[in-house]
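Line order of the protein sequences matches chains S, A and E.
With my numbering applied, the first sequence covers 41 to 360.
With my numbering applied, the second sequence covers 2 to 304.
With my numbering applied, the third sequence covers 678 to 911.
Since the hints were derived computationally from the structure, they do not count as laboratory data.
If you're wondering where the values come from, they're calculated on a predicted model, not measured in any experiment.
Take the hints with a grain of salt, since some may be wrong.
No farther apart than 25 Å at their CA atoms in a straight line, the calculated lysine to aspartate or glutamate pairs in the DMTMM-like style are these [said to hold, decoys possible]:
| no. | chain 1 | residue 1 | chain 2 | residue 2 |
| --- | --- | --- | --- | --- |
| 1 | A | Lys178 | E | Glu702 |
| 2 | E | Lys876 | E | Glu856 |
| 3 | A | Lys100 | A | Glu203 |
| 4 | A | Lys100 | E | Asp750 |
| 5 | A | Lys100 | S | Glu164 |
| 6 | A | Lys178 | E | Asp829 |
| 7 | E | Lys808 | E | Asp849 |
| 8 | E | Lys853 | E | Glu792 |
| 9 | E | Lys707 | E | Asp896 |
| 10 | A | Lys104 | E | Asp786 |
| 11 | A | Lys180 | E | Asp849 |
| 12 | E | Lys853 | E | Glu793 |
| 13 | S | Lys265 | S | Glu164 |
| 14 | E | Lys751 | E | Glu702 |
| 15 | E | Lys808 | E | Glu859 |
| 16 | S | Lys140 | S | Asp226 |
| 17 | A | Lys100 | E | Glu746 |
| 18 | E | Lys731 | A | Glu177 |
| 19 | A | Lys178 | E | Glu746 |
| 20 | A | Lys180 | E | Asp694 |
| 21 | A | Lys104 | E | Asp694 |
| 22 | A | Lys104 | E | Asp750 |
| 23 | E | Lys805 | A | Glu203 |
| 24 | E | Lys731 | E | Glu742 |
| 25 | E | Lys805 | E | Asp785 |
| 26 | E | Lys740 | E | Glu796 |
| 27 | E | Lys789 | E | Glu856 |
| 28 | A | Lys180 | E | Asp829 |
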Amino acid sequence: MGGLLAYLVSLVIMAGIFAVFCLGLNIQWGYTGLFNIGIAGFFCIGAYTSALITLPMPTGVYAQYVQQVFGLHLPFIFGLLGAAVACGIVAFLIGIPTLKLQEDYLAIATLGIAETIRLIFNNEQFLANGPQGLMGLPQPLQNLVSPMNYNYIYLVIVVITMAVVYFLIERAIRSPWGRVLRGIRDDTLSAAMSGKNIFHFKMQSLVFGCMVMGVAGALYAHYTKSISPDVFTPLYGTFIMWVMLMAGGSGNNKGAILGAFVIWGIWIGTSFIGNLLPPLLQSRAPYFRFLLIGILLEVILIYRPRGLLGEEKRISRMSD
Amino acid sequence: MAELFVYGIIYGGIISLGAIGLTLSYGIVRLANFAHGDLMATGAYVALFMVTAVLSWIGIPDYTLGPFSFGWRMVIAFPVAMAAVAFVAILFDQILYRKLRMKDSGPVIMAMSSLGAAFILRMILLILWGADSLFYRPGFMRQAIDFPLQITIMPDEILILAVVFVLIFLLHLFLEKTKMGKAMRATSDNQQLALISGINTEHIIMWTWGIAGALAGAGGILYGIDVQLNPYMGWDLLLPLFAATILGTIGNIYGALVGGLIIGVVQQMSTAFITPTYKPAVAFIIMIIILLFRPKGIFGGKN
Amino acid sequence: MIILKAGNITAGYGEIDILHGVHIEVESGKIVAIIGPNGAGKSTFLKTAFGILKPREGTIMLKDEDITELQPDKVARKGMSYVPQVQNVFPTLTIQENLEMGAFIRDDDYSKRLEEIYELFPVLKGRKKHKAGHLSGGQRQMVAMGRALMVDPTVLLLDEPSAGMAPIIVADIFEKITEINETGVSMIIVEQNARDALKMAHHGYVLAMGKNVLDGAGDALLANEEVGRLYLGG
Numbered sequence: 041m042g043g044l045l046a047y048l049v050s051l052v053i054m055a056g057i058f059a060v061f062c063l064g065l066n067i068q069w070g071y072t073g074l075f076n077i078g079i080a081g082f083f084c085i086g087a088y089t090s091a092l093i094t095l096p097m098p099t100g101v102y103a104q105y106v107q108q109v110f111g112l113h114l115p116f117i118f119g120l121l122g123a124a125v126a127c128g129i130v131a132f133l134i135g136i137p138t139l140k141l142q143e144d145y146l147a148i149a150t151l152g153i154a155e156t157i158r159l160i161f162n163n164e165q166f167l168a169n170g171p172q173g174l175m176g177l178p179q180p181l182q183n184l185v186s187p188m189n190y191n192y193i194y195l196v197i198v199v200i201t202m203a204v205v206y207f208l209i210e211r212a213i214r215s216p217w218g219r220v221l222r223g224i225r226d227d228t229l230s231a232a233m234s235g236k237n238i239f240h241f242k243m244q245s246l247v248f249g250c251m252v253m254g255v256a257g258a259l260y261a262h263y264t265k266s267i268s269p270d271v272f273t274p275l276y277g278t279f280i281m282w283v284m285l286m287a288g289g290s291g292n293n294k295g296a297i298l299g300a301f302v303i304w305g306i307w308i309g310t311s312f313i314g315n316l317l318p319p320l321l322q323s324r325a326p327y328f329r330f331l332l333i334g335i336l337l338e339v340i341l342i343y344r345p346r347g348l349l350g351e352e353k354r355i356s357r358m359s360d
Numbered sequence: 002m003a004e005l006f007v008y009g010i011i012y013g014g015i016i017s018l019g020a021i022g023l024t025l026s027y028g029i030v031r032l033a034n035f036a037h038g039d040l041m042a043t044g045a046y047v048a049l050f051m052v053t054a055v056l057s058w059i060g061i062p063d064y065t066l067g068p069f070s071f072g073w074r075m076v077i078a079f080p081v082a083m084a085a086v087a088f089v090a091i092l093f094d095q096i097l098y099r100k101l102r103m104k105d106s107g108p109v110i111m112a113m114s115s116l117g118a119a120f121i122l123r124m125i126l127l128i129l130w131g132a133d134s135l136f137y138r139p140g141f142m143r144q145a146i147d148f149p150l151q152i153t154i155m156p157d158e159i160l161i162l163a164v165v166f167v168l169i170f171l172l173h174l175f176l177e178k179t180k181m182g183k184a185m186r187a188t189s190d191n192q193q194l195a196l197i198s199g200i201n202t203e204h205i206i207m208w209t210w211g212i213a214g215a216l217a218g219a220g221g222i223l224y225g226i227d228v229q230l231n232p233y234m235g236w237d238l239l240l241p242l243f244a245a246t247i248l249g250t251i252g253n254i255y256g257a258l259v260g261g262l263i264i265g266v267v268q269q270m271s272t273a274f275i276t277p278t279y280k281p282a283v284a285f286i287i288m289i290i291i292l293l294f295r296p297k298g299i300f301g302g303k304n
Numbered sequence: 678m679i680i681l682k683a684g685n686i687t688a689g690y691g692e693i694d695i696l697h698g699v700h701i702e703v704e705s706g707k708i709v710a711i712i713g714p715n716g717a718g719k720s721t722f723l724k725t726a727f728g729i730l731k732p733r734e735g736t737i738m739l740k741d742e743d744i745t746e747l748q749p750d751k752v753a754r755k756g757m758s759y760v761p762q763v764q765n766v767f768p769t770l771t772i773q774e775n776l777e778m779g780a781f782i783r784d785d786d787y788s789k790r791l792e793e794i795y796e797l798f799p800v801l802k803g804r805k806k807h808k809a810g811h812l813s814g815g816q817r818q819m820v821a822m823g824r825a826l827m828v829d830p831t832v833l834l835l836d837e838p839s840a841g842m843a844p845i846i847v848a849d850i851f852e853k854i855t856e857i858n859e860t861g862v863s864m865i866i867v868e869q870n871a872r873d874a875l876k877m878a879h880h881g882y883v884l885a886m887g888k889n890v891l892d893g894a895g896d897a898l899l900a901n902e903e904v905g906r907l908y909l910g911g
């Protein structure tokens, strides 16, 4: 029983981390209509920033194997905040040239950015140890309980973070600011004509969304205790989050959370596929599982684009 | 440096084949096709399958032709793989994009579904061939020919360049001289007017995917001959492809050719100054610069 | 004989209806002008007649065939042609190619027809290889009409053919329209330039707020005081 409970806890932690991420993605896509494919880049920056803030600089023998550009050895909460701030800054810088572009160009541009970020972390050893990445990330409150039971604490941390983010976003969305965002998403032409500075709103949406994604990245880093650039490929690091959001319902925060849990559940559920395959193919089991996720996305897009909880999008064809 | 330039032309030619297909589909179907790189990869792998499996089953011999690294099998596999990718491209349109078109989905949903298609294609390649890099002819020592200015070129690469230009020339003839080609150009110019003139635009769209797919497949095979095969090659080519397409103006075939060559040359020559792994970033920076200062590309805008 | 009959047409964009129960008929070989203020739904009517918009209610009969549900490319094959007001040529195609696209649905040798079109619009003859996008407004309009005429249509729909043209060109275009009609082509012309349109037309319809207001013979409407005051001022 203990084993099963521990397993469930780890499931919920991961789903919760993805849920936080999807909440951030929802601000950009669900509420503002920005198609940001470069989200892996922010996951990456969030994770690395938190890591570098909470890790000490390597000393002694260790320093021969690990290079970091800085290591502040500060508590976890600073890591989280630092991750948010770093992502916010990067989002701002990225937004300046790209937010003026039309939607599909924005997607291409954000893709390039994510790839570039990953290349930089992979290549520049001095930053954060290049391809080997960083290990031994400290976990908050880890001295309170035995390592075996630590995940329960982390679960609480993730759930609290998720709840806080959820409530913050819900408040923001119900405000006049949120209404403008939705106006931009549904009918950019009319929104522009009503005199609102579209660019500023899009930028705010981009920055806040990315800050939330950074927090998710930090949560991920401290859960797994080690990170490397491979984790954040736009392939794996991005795709599944989009499926989560589309499945749960873009434009709906509860949908974002629900989608994260449902898709993560499906992902875990398909892990039996490995056992069905002949031994030679077993190493390819993840590809089968990803294939199913990909097909699932297409099915959602064709048959139920609003997802489980999403609102019906009223598209005004006159503005096209 | 001169050698980097020459190699840039060759690599750029391969990019052009993909960019032309991308610009065609973007111009006519209004879809930023994130799966285009993976269509190229699919072509490379179908050819691999033919060369290593199918054609050996039916007993085609495997010796190499002349100074090249391939033999009769590749000569047969090449057009077959092109046709296969054309088929795959049309198939994806019929079961995916067309349905979304019928529902009047916006460009972002379409782009997202092409992202999904890219993913699906790549996973199929990974399932069938695994993640390791493969070669059409492993262990083959390719001779180089010496040219002045300290340039060495492989015979393969000269042929690649020739194939690229032949294919583009054939496309040019098709678009300029045939009724269907002109109808495609018309649809790219003004889809509604084409419909009004009695042109069945869905039919045109199928042709577009077929041609875009065939060219992508060709480009993938040539890349495989020149470099290697890898299931992620499609994704790695995507940024240079988009950069070339945007640089050359969306919808402009000749622009895509020029764009491809420019991207190829700049990427290769950049390796003299920065680490080669940043090559995709170079393409990306060019693309951002174009989008900021001349978003309609070199050749002006679509009307 | 009534060659085109649109009855009880209610149509619009998205959730908004522009036309409400409109009736318009065209007698074979005649020119019908549709006039009225901006936003009256004149262009919307043409688009609906040609199948670009689906009417919510009403039917469109071409000769004796119900074409209400047909897509534009199918309507084109029934002998009706449509010249939109804007974006009515293929800009990167040459004049010759634009005309060839007009003949896309023809299986036969249309070189004779091509000659006829060049005779009708001689200014295009010396510019066959010019790209349509580089032409002047008047020349473009001729290419647009030529394109639509390549199929020998029975009915031709023209959406504001004189829009944005200099007066000399306008006179030229209207002259061509009469010439075309004399070869037996029935036409509907939507025009802002109500006076000139009514002068050419055998019959005219006045639309306002998406509804029929008045109709009658061309010269009768011209002479009508109320029409003159409300719609012919400009």
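Could you work out which of the previously given hints the structure breaks and list their numbers from low to high?
Numbers 1, 5, 10, 11, 15, 18, 19, 20, 23 and 26 - these are the hints that the structure violates, sorted from lowest upward.
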